[in-house]
Amino acid sequence: KAGVTQTPRYLIKTRGQQVTLSCSPISGHRSVSWYQQTPGQGLQFLFEYFSETQRNKGNFPGRFSGRQFSNSRSEMNVSTLELGDSALYLCASSEPDRGGEKLFFGSGTQLSVL
Amino acid sequence: QQQVKQSPQSLIVQKGGIPIINCAYENTAFDYFPWYQQFPGKGPALLIAIRPDVSEKKEGRFTISFNKSAKQFSLHIMDSQPGDSATYFCAAGGTGKLIFGQGTTLQVKP
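Going down the list, the protein sequences come from chains S and D. Going by our numbering, the first residue of the first sequence is number 50, and it counts up by one from there. Going by our numbering, the first residue of the second sequence is number 38, and it counts up by one from there.
Warning: the hint list may mix true and false statements.
EDC-like cross-link-like pairs, simulated, lysine to aspartate or glutamate; straight-line CA separation at most 20 Å [to be verified]:
id	chain 1	residue 1	chain 2	residue 2
1	S	Lys-151	D	Asp-68
2	S	Lys-106	D	Glu-93
3	S	Lys-151	D	Asp-116
4	D	Lys-108	D	Asp-121
5	S	Lys-62	S	Glu-131
No lab work stands behind these hints: they were computed from the structure.
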């Protein structure tokens, strides 16, 4: 099976812009989670989607949003970008009904906000 | 109650040594405790995981020790190799959400 695919791999944006990141989970996986990774804060949970519904949410401002499509592919959107949003954004999928367990991560999208 | 504290931040061992990484959690509702390994430029990969109903789990050279009463768990890497040099993350949680530790950078010297 192909792994979790995230696009784009790198992204450079300026403050105030918005950005959309894409994630294709492993075939058959219906749960998709998003994490933000920074050197200072480590891996922080953003949200989790299961069958097109947001099932869990972390402590991020409303500028961070996501959605999941019927084919389980997911997108994450960040509006009004701030310098502090520069990070590696990781998507992970897991087997049906496993939620946060046994996560398979993609290689991430490295976002730089200038 | 949502924190997972991981130590040490970095670790250097000689080949064949047994690095030990420790984690402590606060939320007693957590029922799943995985360890992830991350190489530069890659996403984290699941190494081994344990549930609170067992005190130890071994998979190959990797062992998790779990102390439910102390709310602590640790990763031991037996016969460590230079290829084990990576960043290791512990995590705790359950369905739909994992809380990660800050990570430990391990260097195994030849």
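Exercise. Which hint numbers does the structure go against, in order from smallest to largest?
Worked result: Going through the list in order, the structure violates hints 2, 3, 4 and respects the others.
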